[in-house]
Amino acid sequence: MGGLQWKNAHLFRLQFCLFFSFFICRLHLVTWNVGTASPPPDVTSLLQLSSQGPSMDMYVIGLQEVNSKIINFLSDLAFDDPWSIFFMTVFSPLGYIKLSSVRMQGLLLLVFVKHAHIPFIRDIHTHYTRTGLYGYWGNKGGVTIRMSLYGHMICFMNCHLPAHIENAEQRLDDFEKILEMQQFEDENVPNILDHDILFWFGDLNFRIADYGIHFVRESISNSRYNLLWEKDQLNMAKKKEFDLHSDVYDTSGKKRKPAWTDRILWRVKNLSQHSSEDGDLFEGEQTISVTLNNYISHMSYGISDHKPVTGTFGLQIKPLFSTPLVTLNPEGEWNAAQDVLISYSTVSEFPSSTWDWIGLYQVTFRHVNDYVTYAWVKDDEISSSEDVTQVYISADEIPHAGGEFLLCYYSHNMQSIAGMSQPFQVKCSGVLDNAEGLYLWPSQHPHDNEFHRLIVHCERCKRECSGKPQAKKGTNSQKQSEYLFYLNVIAK
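Residue numbers (my numbering): 338 to 829.
Hints are computed from structural coordinates only; laboratory data are not their basis. Here the structure is a predicted model, which means the values were calculated and not measured. Nothing false has been slipped in among the hints.
In the SDA-like style, the derived pairs of lysine to any residue whose C-alpha atoms are separated by at most 20 Å in a straight line are:
(1) Lys715 to Asn666
(2) Lys655 to Arg363
(3) Lys606 to Asp460
(4) Lys764 to Asp733
(5) Lys715 to Gln752
(6) Lys655 to Asp460
(7) Lys514 to Tyr473
Derived CB-CB ranges, DEER-like:
(8) Thr373 to Tyr729: 46 to 54 Å
(9) Tyr473 to Glu524: 27 to 35 Å
(10) Ile461 to Gly669: 32 to 40 Å
(11) Leu509 to Ser392: 36 to 44 Å
(12) Glu513 to Ser358: 35 to 43 Å
(13) Ile502 to Tyr471: 18 to 26 Å
(14) Gln762 to Ser358: 32 to 40 Å
(15) Pro688 to Pro391: 29 to 37 Å
(16) Lys514 to Ile719: 48 to 56 Å
(17) Ser387 to Glu718: 45 to 53 Å
(18) Phe359 to Ser721: 34 to 42 Å
(19) Pro378 to Gly669: 41 to 49 Å
Heads up, the beta-carbon is just placed ideally off N, CA and C, and yes, glycines get one too.
Can you build the whole structure from these sequences, using the hints too?
Spelled out as structure tokens, the structure:
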């Protein structure tokens, strides 16, 4: 299904659900201690991408022990880390973008969401807390991403707590410290436990007490889990430590007992009373609930001594709002050879800012900063009425090849996308950028050795074109000057 067809179908389903005041958000959550390893070649089964059922609405990926050696970590500060790039490469062709991420040394938390939900996700904030070396080192601790999903506050917390069976109290103390230290600038939901739904997951390192290693292994082999549950330090679902690239329990010199170390936990508040945007109260009904659909330890992944654990959930949501804060659309038919207009309107309570901007994105964009170009809503405004405002984008900023794009309105005050258009086509201008999308350099004309002449073959238009390509925002000014010098030579 093409980008336009896919998005329209998904948007129709969403609008249908909102009209009838219910919506089931399908969430797939992954926790994995990757042991400094690189991403595996395939994650189809891990993410259930081959499932015949409805696709997920949201993916949450929590990793522990991502390679954080000094060279790797400094590189990841300047660029996206290999794991983030890997998952963005997997998800972006499927219509998901990276909504948010947070990293603290080896802890990494990523949230990917389908396009149709983006305008209904607000108040996105991240936080992290170090608990290693008395709070000075981030090898242990917790990272969180919180957000408002259709008006309901949801928090995802990825933790790596101290190891070893004797440190159960230290693990609980670290958990309490994370809860205490992470405060959000929201008077209604200032703490982690104030959220409507909390997902707590990671390498929590809670163990099975009292029993010896042979008794534990024998109980697992005979599926007598009930003997182990009562001695589990948290009495929850199962995960073990394995030899690398195998499904054999740890045989190293550490002699670690199999244990419920990697877990996914969740907590739902009593939400029987909520107010909508109009101030109406919903009495006597739960406006959001969580159903666990499956919980799996994926034995086929052997890059570390931990197996990834996934939980698939259904979040049954009664939306507290169903209208985007910003509605925007391209004006008329867009051609990359012409300046273009964007029309947008906002709801009355929208907190606009002079720092707001509208980005032009390819339909397979990866994250909010993965724009082709952008326009400031105030600086590039050309007309405004009570209902609609228009801004323009110069033809110089639009890719000559055209293609399928969409528009996003980014709110500075909300630090999130407040509105998104449906995908639309931009016609080719007849001049193509080079493979890097940055410059078209003059080449020597085969019939004239005295001059350099710019010849561009537009495969899309099937005709020969000549002209001056324009540098996009952020391109190298020195190269641009050199190129303009070439053009001046040609003109003379």
